[in-house]
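Order-wise, the sequence lines are chains A and B. The numbering of the first sequence is the numbering used here, which starts it at 1 and goes up by one. The numbering of the second sequence is the numbering used here, which starts it at 1 and goes up by one.
For the record, the hints were derived by calculation from the structure and aren't laboratory data. Bear in mind that the values here come from a model prediction, so they are computed numbers and not experimental data. Yeah, the Cβ is synthetic: ideal placement off N, Cα and C, and Gly gets one too. Careful, some of the hints might be misleading.
[Unchecked claim] Below, in silico cross-link-like pairs of lysine-lysine (DSS-like), each with a Cα-Cα straight-line distance of 27 angstroms or less:
| # | chain 1 | residue 1 | chain 2 | residue 2 |
| --- | --- | --- | --- | --- |
| 1 | A | 429 | A | 399 |
| 2 | B | 84 | A | 15 |
| 3 | B | 90 | A | 236 |
[Stated by the list, open to error] Sample of chain B residues with no beta-carbon within 10 angstroms of chain A, all distances over it, derived:
| # | residue |
| --- | --- |
| 4 | 56 |
| 5 | 62 |
| 6 | 79 |
| 7 | 83 |
| 8 | 108 |
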Amino acid sequence: MSSPQRSRLRAFAAKLRGFLRGHQPDPELSDEVQEHLQLLADRFVAQGMPREDAAAAARRQFGNATLMQRDRRELQTLLSIEALWQDLRYALRTLWRSRGFAVVSIATLGLGIGAATAIFSVIDNVLLEAFPYQGAERLVFPRIHGGQQSGEEGRQGYTAAEFLEFAENNHVFDGITATGEDLILYKTGEGTEQLYSAHVTPGAFEFFGMPALRGRVLEPNDYEPGAPPVFVLRYKTWMQWFGGDPSILNKTFVLNGIPRTLVGIMPPRFGWYDADVYIPEKLTRDAKAASSGPAANWFVVGRLKPGVSSQQAEADLTVIAQRLAKIYPQDYPAHFTVQIRKIGSTVVGRFEATLYTVLAAVALLLLIACSNVANLMLARATAREKEFALRAVLGAGRKRLVRLLMVESLVLAMAAATLGVLLAWGGLKALVAALPPDLIPAESVIGLNTRVLAVTLCVAALTALIFGLVPALQSSRRDLNDPLRDTGKGVSGGFRGRRLRDAVVVLEVALSLTLLIGAGLMMRSFVALREVHLGLRPDHVFQTLLSLPAERYKTTQQATGFFRPLLARLKALPGVEDAARSSALPPYNYAETNMEVAGETPDQDWRALFQNVSQEYFRVLRIEFKKGRAFTEADINDARKVAVVNEAFVRRYLPTKDPIGRRVRLTGLETSADPARDPWFEIVGVAADVTNQGLQVPIEPELWIPCTVTNSGPQVLIVRTSQDPATMMNVVRQTVWATDPGVALAYSGTLEDHVNERLYAGPRLGFLLMTIFGCIGLILVTVGVYSVLAYSTTLKTHEIGIRMALGAERADVLGMVVRTGLRLVAVGMAIGIAMGLVLGRIIGAQLVGVTAYDPATLAATSLLLAATSAVACWIPAGRAARVDPMVALRYQ
Amino acid sequence: MATETEHAHREIGAAAGTLDLMVLKTLYALGPLHGFGIARRIEQVSRDVLQLNEDTVYTPLLRLQQQGWIAAEWGASERNRKAKFYCTTKRGRKQLEAQTRNWERISGVIGRVLRLEAEE
Numbered sequence: 001m002s003s004p005q006r007s008r009l010r011a012f013a014a015k016l017r018g019f020l021r022g023h024q025p026d027p028e029l030s031d032e033v034q035e036h037l038q039l040l041a042d043r044f045v046a047q048g049m050p051r052e053d054a055a056a057a058a059r060r061q062f063g064n065a066t067l068m069q070r071d072r073r074e075l076q077t078l079l080s081i082e083a084l085w086q087d088l089r090y091a092l093r094t095l096w097r098s099r100g101f102a103v104v105s106i107a108t109l110g111l112g113i114g115a116a117t118a119i120f121s122v123i124d125n126v127l128l129e130a131f132p133y134q135g136a137e138r139l140v141f142p143r144i145h146g147g148q149q150s151g152e153e154g155r156q157g158y159t160a161a162e163f164l165e166f167a168e169n170n171h172v173f174d175g176i177t178a179t180g181e182d183l184i185l186y187k188t189g190e191g192t193e194q195l196y197s198a199h200v201t202p203g204a205f206e207f208f209g210m211p212a213l214r215g216r217v218l219e220p221n222d223y224e225p226g227a228p229p230v231f232v233l234r235y236k237t238w239m240q241w242f243g244g245d246p247s248i249l250n251k252t253f254v255l256n257g258i259p260r261t262l263v264g265i266m267p268p269r270f271g272w273y274d275a276d277v278y279i280p281e282k283l284t285r286d287a288k289a290a291s292s293g294p295a296a297n298w299f300v301v302g303r304l305k306p307g308v309s310s311q312q313a314e315a316d317l318t319v320i321a322q323r324l325a326k327i328y329p330q331d332y333p334a335h336f337t338v339q340i341r342k343i344g345s346t347v348v349g350r351f352e353a354t355l356y357t358v359l360a361a362v363a364l365l366l367l368i369a370c371s372n373v374a375n376l377m378l379a380r381a382t383a384r385e386k387e388f389a390l391r392a393v394l395g396a397g398r399k400r401l402v403r404l405l406m407v408e409s410l411v412l413a414m415a416a417a418t419l420g421v422l423l424a425w426g427g428l429k430a431l432v433a434a435l436p437p438d439l440i441p442a443e444s445v446i447g448l449n450t451r452v453l454a455v456t457l458c459v460a461a462l463t464a465l466i467f468g469l470v471p472a473l474q475s476s477r478r479d480l481n482d483p484l485r486d487t488g489k490g491v492s493g494g495f496r497g498r499r500l501r502d503a504v505v506v507l508e509v510a511l512s513l514t515l516l517i518g519a520g521l522m523m524r525s526f527v528a529l530r531e532v533h534l535g536l537r538p539d540h541v542f543q544t545l546l547s548l549p550a551e552r553y554k555t556t557q558q559a560t561g562f563f564r565p566l567l568a569r570l571k572a573l574p575g576v577e578d579a580a581r582s583s584a585l586p587p588y589n590y591a592e593t594n595m596e597v598a599g600e601t602p603d604q605d606w607r608a609l610f611q612n613v614s615q616e617y618f619r620v621l622r623i624e625f626k627k628g629r630a631f632t633e634a635d636i637n638d639a640r641k642v643a644v645v646n647e648a649f650v651r652r653y654l655p656t657k658d659p660i661g662r663r664v665r666l667t668g669l670e671t672s673a674d675p676a677r678d679p680w681f682e683i684v685g686v687a688a689d690v691t692n693q694g695l696q697v698p699i700e701p702e703l704w705i706p707c708t709v710t711n712s713g714p715q716v717l718i719v720r721t722s723q724d725p726a727t728m729m730n731v732v733r734q735t736v737w738a739t740d741p742g743v744a745l746a747y748s749g750t751l752e753d754h755v756n757e758r759l760y761a762g763p764r765l766g767f768l769l770m771t772i773f774g775c776i777g778l779i780l781v782t783v784g785v786y787s788v789l790a791y792s793t794t795l796k797t798h799e800i801g802i803r804m805a806l807g808a809e810r811a812d813v814l815g816m817v818v819r820t821g822l823r824l825v826a827v828g829m830a831i832g833i834a835m836g837l838v839l840g841r842i843i844g845a846q847l848v849g850v851t852a853y854d855p856a857t858l859a860a861t862s863l864l865l866a867a868t869s870a871v872a873c874w875i876p877a878g879r880a881a882r883v884d885p886m887v888a889l890r891y892q
Numbered sequence: 001m002a003t004e005t006e007h008a009h010r011e012i013g014a015a016a017g018t019l020d021l022m023v024l025k026t027l028y029a030l031g032p033l034h035g036f037g038i039a040r041r042i043e044q045v046s047r048d049v050l051q052l053n054e055d056t057v058y059t060p061l062l063r064l065q066q067q068g069w070i071a072a073e074w075g076a077s078e079r080n081r082k083a084k085f086y087c088t089t090k091r092g093r094k095q096l097e098a099q100t101r102n103w104e105r106i107s108g109v110i111g112r113v114l115r116l117e118a119e120e
């Protein structure tokens, strides 16, 4: 380090010391000065001056002590508080005087900061800090990935023996735990409710490292055989089911027939495995000893030791798995490896890229907002040139001028940050409401937190630096004489500065048009999606998933014995038109089977979705028939082996033949939980296609069989009502419990709500985000075009004056300014359309019913942008046209 | 605004750096001195060419202290009262040497250039 640098550093250190110590008066100095004055006075007396004059003369000779003290103080502190206070008051006053400018700047920046804050909160809560567990960033789960399997496939469930092998023999984890899920039927006074339980292995809560909110977590004793059965409750469930009542602690609940004591309630962010209750379970290698809970499907999570890489961990675990593969060869595919993945990666994986893309777009928006405000400030600085010149002439140093302007910028930025936080707060609420289910981990709580606010504050300060510094430096750099001299401003704009400003406008227009095109496409796609016919009528339908206690409902006959009286009771209720039984909650179906059709020799595996339904099913959902018939009561009562297929089935497998009377064999049923012997079914009808895989994918071949043939799959109750189905909840529940109080209801609600949530929430989110950002972009473009034109016309006032003096008409001036602006807009729009086409390609997969280069969307968005820009051009142009040539020339 | 004008003159005036050097040199030559003593010395040496308010020595004194080139301690004045005495440090003496060399070099160059112009 060179010596001047070192000395500057020492000066800065001294300032910093003084600043940190806080400003305090310097009593030593005043002693020193007093003594100096005394000595000086004594000297004057010695030279013969009368004592009474000597003191005054000494003070005169000594000079201005206050000023000296200020100089010294400036050496000892970073900012002088009173100067800052002065600047602040001055900034507020000037901003108040130009309210229009302040409001536009704050609104522009606020939008940018708000959007950035909102998106950053989502990223922070979903990607950065999704899991509140100890060492969450090192939590991984292993997966057995076969050599033949594609990318993200592989087995994630392990037997107890496998888990113990991993737990005891690995060298890469400093903690490991296994979780198994189970359905819990929990008896209340009225009936039965359904909960999800996570069975956790010893040490699980130590592993997660979170203490209980009330009571205690599971302790080593709880896992021992013969220990009193206990469980721990999740916060969300506590709130939802017990209204946050603390007195339930230490009470006993009958869960799946076992009385268990509630020993603890977890804090809000604990949501491991999205379970409601946590039950201790000690795993042993002896399969028979495993008393309750999930049998052979344990999800294993380990925390990597610090410094252990994924590759090391995978290698270590693969060695263990290879040993296991020798003992259990049937459970391991050929050429397998163990892969590890971070927890949450499967949940947020799809979402991550989108989020970072959106963040990039938002950062760009913010940058553009900054350059807009910078342009506005430049325009204002030009108008304030005289003020600055006067200040400089009166002795304000350059540093002081820059500081003054920076304080103004900071005031603007902080006001904008406040606005931005408010916008983000509101925006997040809307966003959370619009998020499709299962998109984010159960532990994520999307909201503003201190870290997000700190980032916002930094961003705001940074924006102040970006938009404030350039104008501040530029206006303070000016030669003092320049504004006072009689030069025209037409030449002083600075060629490079103009290029930059023009480029910003072009970029803004391009980006905003891209976003608008994206929004337009998403909107059209959304509208088209809403018009896609689902194949069923979702209005006036109430549906619920029923959990029948497994011990009493093992066979098909037993289930039928429950449903037959239930359906009869429901149909007799006032307000109920009809009721049916099914094995899937429409509009989705996940049950798939291999199958063959008699007389056909397929060249590959034939697969179809299948559903067990009662005869009312097609009637209740208003599904049309294309051929043949629906099931009759006799079909169901006698458990006849008949089937109804959809049109997609016919199109794919029997395109040229009459499907009625053909026989199909559902091989999957032979091995299902309730196996059907000789599963040959005769096709009796063809139903219209009903959405069964979501809206963006084609409808899969599907067949329906009588629910009395097999009992496998979920039990779903579907009720068509003549009144608002949302009001039927209680009646249906009471009827179910009147039939069997041991049956629990889950996912109860109207089919319309279910469809909205499952089918439309995703596209609606995309459309909403795009529209919001498109609108912000449009606002920014308006401000951007306006500010650049306002600035350049201010610079050209002199030129305009000359032109008008030489005979130019108002219309000519107007045209000139508008042309300048629109030329930039046109260039931006050309780029924007190109970018919009690329964007359309990228989001093409999500578009339904509209092509990526939809001319109507392109035309409408371009027109919107052009019209908005024209308005933005008109205002400064109108002002320029009102220039009085005499005033302009004289003023210059 | 008047104060600002004066302030600007102090800031802009060439005296700032030069005054630091003069104070440093004075302390080096005459050993521990208080502010009054330094002012007397500068008055003497400059033979009234440099008319300065005596308070102007206190800012350089602080600056030099911050750089660690001078140190201060309390002592007794001529009137036997408490006064702060300043003296150069080792680092200050080294700095003085360097700055003196620098000053001589620059003034030499400027002097030569000015003579050159005068001859033409």
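Find the hints from earlier in the document that the structure breaks and name them by number, from lowest to highest.
-> 1, 3, 4, 5, 6, 7
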